[in-house]
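Peer 1: Sequence:
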Amino acid sequence: MKILVLNCGSSSLKYQLIDMETEEVLGEKEAFITHKAQGQKKQIENPAYNHTEAIEFALKQLTNPEYKVIDSLDEIEAIGHRLVHGGEKIAESVVIDEKVIEVLKECTDLAPLHNPACILGIEACKNVMPNKPMVGVFDTAFHQSISKERYIYPIPYEYYEKYGVRKYGFHGTSHMFVSQRLAEIEKKPIEDMKIVTCHLGQGASICAIEGGKSVDTSMGLTPLGGIPMVTRCGDLDPSILLYLMKKENLSAEEMESVLNKQSGVQAISGLVPDFREIETAGNEGNERAKIALDSFKYAIASYIAKYAVAMNGVDYIIFTGGIGENQINIRKGICEQLKFMGVEIDVEANNIRSEEKVISKPESKVKLYVIPTNEELMIAKETERLVK
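Letter by letter, the sequence shown follows residues 28 to 415 in the numbering used here.
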């Protein structure tokens, strides 16, 4: 089965065509600049003024005689969509129908940039490839197994009832993929495992997974909560917002921009929002950069310890995402703060980037892994499962 995986942003489209027999990526493209087919990159520039045009153009690349990977669009048997917010109504991957589209519309207030784009992508596929089965894999769905006492906020309950204000969590597809991959590597039933997954990238979240289900996660109502990220603030004393809005005469929209785009590790360091440059500066003695990195590592270690409480223990810790897979010293710094839990990182084994590997010492009470994430393959697997 060949499955087309789509990730529709407000002004971008990413796609992969995956052959599920081999799990090989036949063709992929991002932002209409580079098309990769059979290991060869093709530089293509083409303006697309809406999602229908974008998808039509993308499909032409897959059948382009110069570097085609399929002979006909008939070979594409299903489409998997990366969807962001399904609220409380969608707790698993679903075959897309009108009810799913209505849920996306209802949750637009919770994901104003993403959900409208997702709807446009779905409608575009209906126009370009009518009658192809489509599956939606939601970032929030994996976390719908979290119990109420862990997702409810201590504010007037009516806000939850009226507006759905609660913890939802994100990066669910990534957390699900790496935890399932761990079970495959260890050859153990995931139902018997207690896992903390650390998805560390431009956006970052930590997840406690017990028995294959999310039992807590760091992001909240929006992807702004949890640990500090590259430009996002993470958890704050909420009165800080009110204080600064009064002092700086900021509107709600301006404050939201500060928290999402001008905060986090780059704000503490005062440097550009590039984690590699911040880490280099910290290693070279830049005091603010060092503080920013230490704050980041401390927050992650604290969440891992918190999730040991949530699951009454931890068997495995997984690092994934751009930072988690590549920043050797970040992993080391986090694990060194968890020695009280019996965590022992193997410094030599940890000297890797983007490689699937155990990085703990044999005597470590918690087994440490680096597992590169693959959200597109997870979406394709869920699509295949539901279509079949």
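Some clues are possibly wrong.
[As the list claims (entries may be wrong)] List of simulated lysine-lysine pairs, DSSO-like, C-alpha gap at most 30 Å:
{"no.": "1", "residue 1": "Lys41", "residue 2": "Lys215"}
{"no.": "2", "residue 1": "Lys95", "residue 2": "Lys126"}
{"no.": "3", "residue 1": "Lys221", "residue 2": "Lys126"}
{"no.": "4", "residue 1": "Lys415", "residue 2": "Lys215"}
{"no.": "5", "residue 1": "Lys41", "residue 2": "Lys388"}
{"no.": "6", "residue 1": "Lys116", "residue 2": "Lys87"}
{"no.": "7", "residue 1": "Lys394", "residue 2": "Lys384"}
{"no.": "8", "residue 1": "Lys240", "residue 2": "Lys359"}
{"no.": "9", "residue 1": "Lys366", "residue 2": "Lys317"}
{"no.": "10", "residue 1": "Lys240", "residue 2": "Lys132"}
{"no.": "11", "residue 1": "Lys215", "residue 2": "Lys126"}
[As the list claims (entries may be wrong)] So the derived label-pair ranges between C-beta atoms look like this:
{"no.": "12", "residue 1": "Val374", "residue 2": "Asp136", "range": "28 to 38 Å"}
{"no.": "13", "residue 1": "Lys153", "residue 2": "Lys274", "range": "22 to 32 Å"}
{"no.": "14", "residue 1": "Lys214", "residue 2": "Ser174", "range": "49 to 59 Å"}
Since the hints were made in silico from the structure, they are not lab data.
Keep in mind that this is a model prediction, so the values were computed, not measured.
Positions of the beta carbon are idealized from the N, C-alpha and C atoms, including for glycine.
Peer 1: Hints numbered earlier in the text: which of these fail when held up against the supplied structure?
Peer 2: 1, 2, 3, 5, 6, 11, 12, 13, 14
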